[in-house]
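Novice: For reference, the chains in residue letters:
Number of protein chains: 2
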Amino acid sequence: MAKIAILGHGVVGSGVVEVLRTHEESIARRAKEDVGIKHILDLREFPGLPYSDVFTKDFDKILNDPEVGIVVEVMGGLEPAFSYVKACLENGKSVVTSNKELVAAKGAELLALAQEKNLNFLFEASVGGGIPIIRPISQCLAANEVTEIAGILNGTTNFILTKMIREHMAFEDALSMAQSLGYAERDPSADIEGADACRKICILASLAYGSHVYPEQVHTEGITKITLEDVAYAEAWGGVIKLIGEVKALENGRIHIQVAPMFVSRESQLSGVDDVFNGILVRGDATGDVVFYGRGAGKLPTASAVVADVIDCVKHMKARKYLYWEDAKPDYVEPYENAPQDFFVHIKGAGTSEEAFAQAEGVFGDIKRLIRKGEEEGEAGFTVNGLGQGEFEAKAAALEDKGLQLLGRIVISEY
Amino acid sequence: MAKIAILGHGVVGSGVVEVLRTHEESIARRAKEDVGIKHILDLREFPGLPYSDVFTKDFDKILNDPEVGIVVEVMGGLEPAFSYVKACLENGKSVVTSNKELVAAKGAELLALAQEKNLNFLFEASVGGGIPIIRPISQCLAANEVTEIAGILNGTTNFILTKMIREHMAFEDALSMAQSLGYAERDPSADIEGADACRKICILASLAYGSHVYPEQVHTEGITKITLEDVAYAEAWGGVIKLIGEVKALENGRIHIQVAPMFVSRESQLSGVDDVFNGILVRGDATGDVVFYGRGAGKLPTASAVVADVIDCVKHMKARKYLYWEDAKPDYVEPYENAPQDFFVHIKGAGTSEEAFAQAEGVFGDIKRLIRKGEEEGEAGFTVNGLGQGEFEAKAAALEDKGLQLLGRIVISEY
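Chains R and W supply the protein sequences, listed in that same order. Reminder that position 352 of the first sequence reads as 352 in the working numbering, one-by-one numbering, no gaps. Reminder that position 36 of the second sequence reads as 36 in the working numbering, one-by-one numbering, no gaps.
Treat the hints as calculated values from the structure; they're not laboratory data. Just to be clear, a hint being listed does not mean it is correct.
Any copy will do: because identical chains look the same in the list, a pair fits if it lies in one copy or spans two.
[Stated by the list, open to error] In silico lysine-lysine, DSS-like type, Cα no more than 25 Å apart, as pairs:
(1) K315 x K117
(2) K318 x K32
(3) K329 x K32
(4) K117 x K86
This one's a predicted model, so the numbers in the text were calculated from it and none came from an experiment.
Kindly generate the complete structure, drawing on both the sequences and the hints.
Specialist: Written as structure tokens, this is what we have:
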């Protein structure tokens, strides 16, 4: 029997126990060995559970148990998760984690340690919850150059945006609803400010291109400034607003990476990814576009991805060769200001909408007007193509000098 | 250097060479070893290619070359592919194939032989072309019970149906267009009669449930009888018509499996899979619905899946443990007649449409009328729920006894 320990008995941790218990027989068949839980680390008490006897508050008990070959880390957060995971790898135990914060911040270091010790460090559940994405990118798409990845990587913000789009609910109301349904935490900032999506695109970028990208290197915008007016302009343009994490290989050897709400065309496969679902588009030079869709979070989907990694560990106790990336390279991320993008721009002037648009045309040159339902006098929306963020800011300043107010600007996605 | 042989230099075979040559460096990096083509078997002549020197017409030369550890079979068809693949495995060579006909007919036998010899028999490219699906089902979703799989598995028929839906093109015209674009072969029967989709759902069913399902065991309907009237009724119902291969685990331990054109709701992720694209929905008890989308055929997508398998072989020369199923079990496939389904039914009577519908109500009981654009006098369309095919046929006969004509019936999908 393969004996495992689980660090953390929160939503995902209890889900892992549930999946292991309810699928005991089929997991044993697939792993060619029974999988048993020897310890669960949690500082809280869980009396009355059928497995209450395996709880411990002492991490060292797990670390020093030679019977435990696989440790599942589902505590979340950087510390003490990082110290625990590192200690486990140093002590000859393979680690499976769902902790995207940990992988995004310490992936290169932990992968190097795992390789050195010939152990596994697996994290399929850290991106896309129950959607298989880490293995497909590294294995099935191995004969491709991945040119781009673009994904709806955060279910909470996608739920909020879906409510804004479909039911014209204001951002704050949609957020409250997400909180009351348990999709958003009481402090929702990691979701709505884009940090969660940022960690995930960092993991995908590191995996696809082989060098660690840290969240601090990524231009990240959340959805807190998105208004129902923006949603209406997106509709007039022919699409919807989605929070997209994207990374793209550039010809200069660098990558362009960002997290931002974007206009996504109705023709795009990503536009139909609604509610709490995630969708990840991987563009390969040989395969073309491949899209993965499913529940990006939630107790059982995430837990099942963790358990699939555990099965993989049981079957392959030595380091899996497909999963590896180097530490970050200097000058590897293209400065955000440089990358030319298309934008939607929303302005307001003192006169008519036509006058506001004409002034914008004077500043931006070749732009295309969008007219939303219920447009107010003086308000104008337009799209402009192929501008760097730096260049955009200069133009926006020129616009403000003319007495126009910049209400917002949103990236237009290519997918 | 890992030396491989390729059996066949048709569309996929030449694509495999192209992918290996254009991605030489990255493949070597991922495989941790150079991958070189030592032989290509083809009866035709290919003078003037930069690799013309590796062609051979003699299979035994490959079979008896101890340097060749991996053989790629991309000839298609059952023979001589089966004899060659079997001989290769018996002679200690791992095999990678894109040949769905071979895997659907001989998968269990070849997998058993590969296990016995501790070799790989890999076939990621046999389903979904460049879409990763074989590995995700067997590895990433290993901690789930897969309750259902439903897929748009044939790009040619999906292209034809898309033309019928979007441009109201008649079936024959859309087929001609597919042929002139190279999407359909001169003899398109394997596509339009459903045989190709049938082979693919057999492979997925075998993999997901562990027992081989043979194409002969599967109720298969093609799209040749689908009319523009059906398309209009589907629209009135709120969906589109797609050729779906589906398999479902039943509580009695059997599986329900079929290939048929189906009404698919616009709410379904499968409804947005258009043109030559494929989409495969895998429903797990823990993950919920996961959908894989991409190019299901084509030279480079298919070739890149083949090469990814080759890389996997180079990295793991011994039999991969995740890929295996037993031979067929008796009484494993539920008789098609028994499985209750929802149907769309299209009839024509001598009187008014209202009269025709009223007569159908008399026979079928609780049915729901659909009215299509341009409905003709005497014509009626309706949906009926929860009927076995056997029961349906009895009712249809009763309808014909009353002088009504059955113009068609189409399964309504649950996805």
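Novice: Next step is simple, just say for each hint if it's right about the structure.
Specialist: Do the hints match the structure? See the list:
1. Both within a single protomer and between protomers do K315 and K117 lie at most 25 Å apart by alpha-carbon distance, with minima of 17 Å and 19 Å respectively.
2. Taking CA atoms no more than 25 Å apart as the test, K318 paired with K32 passes in both settings, with 16 Å inside one copy and 16 Å between copies.
3. When the C-alpha separation of K329 and K32 is checked against a cutoff of 25 Å, the pair qualifies only between copies, where the shortest distance is 22 Å, while the shortest distance within a copy is 41 Å.
4. Taking the closest pair of Cα atoms, K117 and K86 come within 25 Å of each other only inside a single copy of the chain (11 Å); across copies the shortest separation is 39 Å, beyond that limit.
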